[in-house]
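As you go down the protein sequences, you meet chains A and B in turn.
If you're matching positions, the first sequence starts at 1 in our numbering and goes up one per residue.
If you're matching positions, the second sequence starts at 319 in our numbering and goes up one per residue.
Hints are computed from structural coordinates only; laboratory data are not their basis.
Mixed in with the good hints there might be a few duds.
[What the hints assert, rightly or not] Distance ranges between label pairs, derived from CB positions:
| # | chain 1 | residue 1 | chain 2 | residue 2 | range |
| --- | --- | --- | --- | --- | --- |
| 1 | B | Phe974 | A | Thr38 | 52 to 60 Å |
| 2 | A | Gly277 | B | Gln350 | 22 to 30 Å |
| 3 | B | Leu984 | A | Gly168 | 53 to 61 Å |
[Stated by the list, open to error] Part of the chain A face toward chain B, derived, beta carbon under 8 Å:
| # | residue |
| --- | --- |
| 4 | Leu86 |
| 5 | Leu251 |
| 6 | Gly256 |
| 7 | Ala267 |
| 8 | Leu275 |
| 9 | Ala279 |
All C-beta atoms in this analysis are idealised placements derived from N, C-alpha and C, irrespective of residue type, glycine included.
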Amino acid sequence: MPSRGGPARWGGAERVNAEIRQALDWGLLAPLHLTARTVADGVYAGVHRSPKRGAGIEFGGHRNYVPGDDLRWLDRHALMRHTRLLVREFETETDRTLRLVLDATRSMSFRSPEAPGAKLAYAAVVAAALARIALASGDPVALDWLGGRDCRALPGTAGREAFDRIVGALQDATPGGDLTSDPAVVERSLLPVARHARRGSIVVLLSDLLDLPRAAPERLAALATHRRTVVAVRVLDPVEATFPFEGPVRLRSSEGSVLVETDGAAAREGYLAALEGIAAELEDTLVPRGGKVVRAVTTDDPVAVVRSILAAAGGEAA
Amino acid sequence: MSFVVVAALAVGLLVAIPLAAHYLRRGRARSQEFPPAALVPKRPPIARRMNRLEDRFLLLVRLLMVAALALLGAIPLVRCSRLSLGREAGASVAFALVVDDSLSMRATTDTGKSRWVLAQAGARQLLRSAREGDAVAIILAGRPARLALAATTDLDAARRAVEELRISDRATDLAGAVQLARSSLRQLPHVDKRVVLLSDLADTAAPDGDPPSWAPLAKLRQPMANCGVVQAEQRGRRVDATVACSSAGSARKRRLEVVVDSPQTDSTNARAAHLDEAPEAGRVLTSESLAVRSGTQTVGVEVGTPGADLSVRLTGTDAIAHDDVAPVAPEDSALGIAAVVDRTAASVLTGGMTTVEQALLALQGAATVRPLTLLPDDLRELRAYAAIVLDDPPGLPAEARAALSEWLERGGVALALLGPRVQAVQLGSTLEPFASGAVRWQQQPESDSIDLTSLSWLGSEATSLADLGARGRAELPGAPMADTRVLARWGDGNPWLLERTVGRGVALTAGLPASVELSDFALRPAFVALLDHVMSLATARAGPLRSVAGSVWSFPAVEASIQGPDGALEIRETGTEAQRPDEGDTARRIATVELAGRYRVKLGEVSQVRIVTLDPQEVSRQPSKLDARAQDDGTSAGTSQVDASAELALLLLLLFAAELVMRLLLRTRRQASART
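Required output: the full structure, derived from the provided sequences and hints.
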């Protein structure tokens, strides 16, 4: 079970024990099982149309013949009627594996007083909702991790028990790891994804996109081959998204040993620009390869976020 | 200090709270976790500057506020050390301020201020605490004690009088000052009377009496280590200086230096030296170490004939620097007295000095007695003397009479003791200006004793002439010359002592010689008293060439001016004062010498140098102890309460306002910096 009433990371008491401090702050997002189901029910539940065209049972339309097309699909009746070579196409219903990659590094455990829960908790809710939707459609769902401790990766499975396994794995996850001290974590985490993700798979990365190595966007974009779709969901805490500080402040990063002394009002604009620059850079890398970047804040409605992800995965604008 | 005051002041310890908060805030300045901290641009200078601005000014204001609050709670119980008058049931007080203006009050205390400054400040504080209806008198305790301000209820006048007080080099006359203070308060109707001693008490103890005296300033009675030059005199090629020291330690490692004061001199030294080049001023001629002992010591040094005015000074430092320098009195500054005496007639059988010389020396004045066999007939020689005593003169030749008359005209005083030789006056000689015509010597006088009632002006010593038993007398003329008065008579009414005024001078004529064979007149105390009278007359006319600080110089009605160490000295007219009952009233022009040093006096065409010296007791005497009652009697308060609540409350309000303004300014500045 996730820890209720998380540790006071925001200027809170110092005497909480280390175990509680390391546990994920689920806040208002617990229990994950119910929250994810509620979110999934709020999303349009239905079988998504497979974008894959080719051999199948339902007619999908005509197109001009190009050399190399299978002559079996040449429509003779159309040739006689229109004196043109047309090829018949069919839509086929196939399974599309959903691969969820969750960032469980230390920065994902951050939660400000205004937020309903930690960033990882919010990402887990979204991931579980996506898994439920995918499983309901008969698509297998796999789970991978970026950093974290005691995180169990799950291969792509379908069926009724798959949702429970995914929820259990998400609940057992403990934030940990430092991307600044170990940049190879990204490569180690994405390598099995690239290896196991089949053609047409949808890869959803849920991360705050902070402290990622410089090569991370390229690594992520490399997944968008073999007709795979990559959606990067940036999950931020409202404090991170708005930078509401005023006056002199000293800020300490979760990963690495960065300590910044600054004036809140004076630094806000520069910070927000740098934050947006990270997302924009990833977007510039992913979009040409059919990927999308979805921006989310933990105070956003998870239903809307899931719809945005589904829309992005379906090729619409996020 | 009561518990309430301590508790209120303890509130001041709360200044530690804003101080601690300041350091805590500076130390931990809102440090918090923020995962994307690496993306935040650093602005430490702005942050630190703003932090510093806010912290320092606000911290200061807050500390001041807490301190002011603590003081506000303690007031009016805070006491300030300041003299004031305690009152019994609020009644008016009559008090006499005895302010000691003697030399010893120049001593520096451990506060860095002199006793005089502290005493004057104490007088001001006491007058500040006086109220309408209080009476105050101010008495100066320098010798002789003087009334600076008669008892008055005009407090403004008293304050002005205190401001006009000046310290002098006088000795201390504490007893006289206390008596004067008591007498000045005696006639006042006030029930509560005080005598306040603002003195170092370096004198004999003040006499007991009513009202009792109160000496509130203990700092004035701190012991001092001091050495001072009392006087210095040139004798031939030597300079003898009298130095007084309060302790042996104060004389240790100190030397007496003889210094050239100024090349010009009015004395005969320059003439005697016959020097072409006068020594430059400030040059040290010689020096001699002081003996390491307390009390008075005489230090003699050889100086030769420098031909200049000299000073002596002590090396090193002590409590009173003012008395470390003194002018050297020239050799001819002593009052010269010529004794024209026939040794064979006026000496006792055992030999030695004549009775006249012995009597003059017994006076122990600053006079130089020179025995002469003949009266000089040259005026220049007579000028060296202020007084001449002639014993049994056998008449005076014409040249001597002319010189003597002119000398008398210029202020000389001569006493002729007529004896048997008046019958042997030579041809061409007379007894003028002492007596006109022939004077007869009576071997068997009708009366051989003096009428003591006619001699009462001489004082108590006049009674010693009772039963004189003279074996002869000079029969002075019954019809005396003009300007002549009879000062004393024989028992049968014949004149015995005449006084004739000749110009500024006086000629005294007595009808009895000093010879012990004719009478024991010269052996009686009245003879010394008569010579003392002559000396005082001579001193009054020739002027005291050496005197002690605080002396009063009187001057005849001629144009006079005095230049002292402190500039020109004022000569003022006083009221009439009768010196003797039969003398009549005489207008006086006097000057009071407050400071020791060299004075240049010009009387008409005559110039002279007068030396004013110190009292050795004043230099070396330590303050005397005072009984506890006099230190702090119950009716007089040494401290007073000061209520400054209104001022502190206003300060507190100002501080509050300052903090508000500062916060507004900081907020505006922060917003402006955020915009930029």
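Now for the hints, and whether the structure bears them out:
1. B:Phe974 x A:Thr38: 52 to 60 Å: Holds, at about 56 Å.
2. A:Gly277 x B:Gln350: 22 to 30 Å: For A:Gly277 and B:Gln350 the Cβ distance comes to about 24 Å; the hint holds.
3. B:Leu984 x A:Gly168: 53 to 61 Å: Taking Cβ atoms as reference, B:Leu984 and A:Gly168 lie about 54 Å apart, which means the hint holds.
4. Leu86: Violated. Min distance 55 Å.
5. Leu251: Result: holds, 4 Å to nearest chain B Cβ.
6. Gly256: With a closest approach of 7 Å, the A:Gly256 hint holds.
7. Ala267: holds (5 Å)
8. Leu275: holds (6 Å)
9. Ala279: Cβ of A:Ala279 sits 12 Å from chain B, so the hint is violated.
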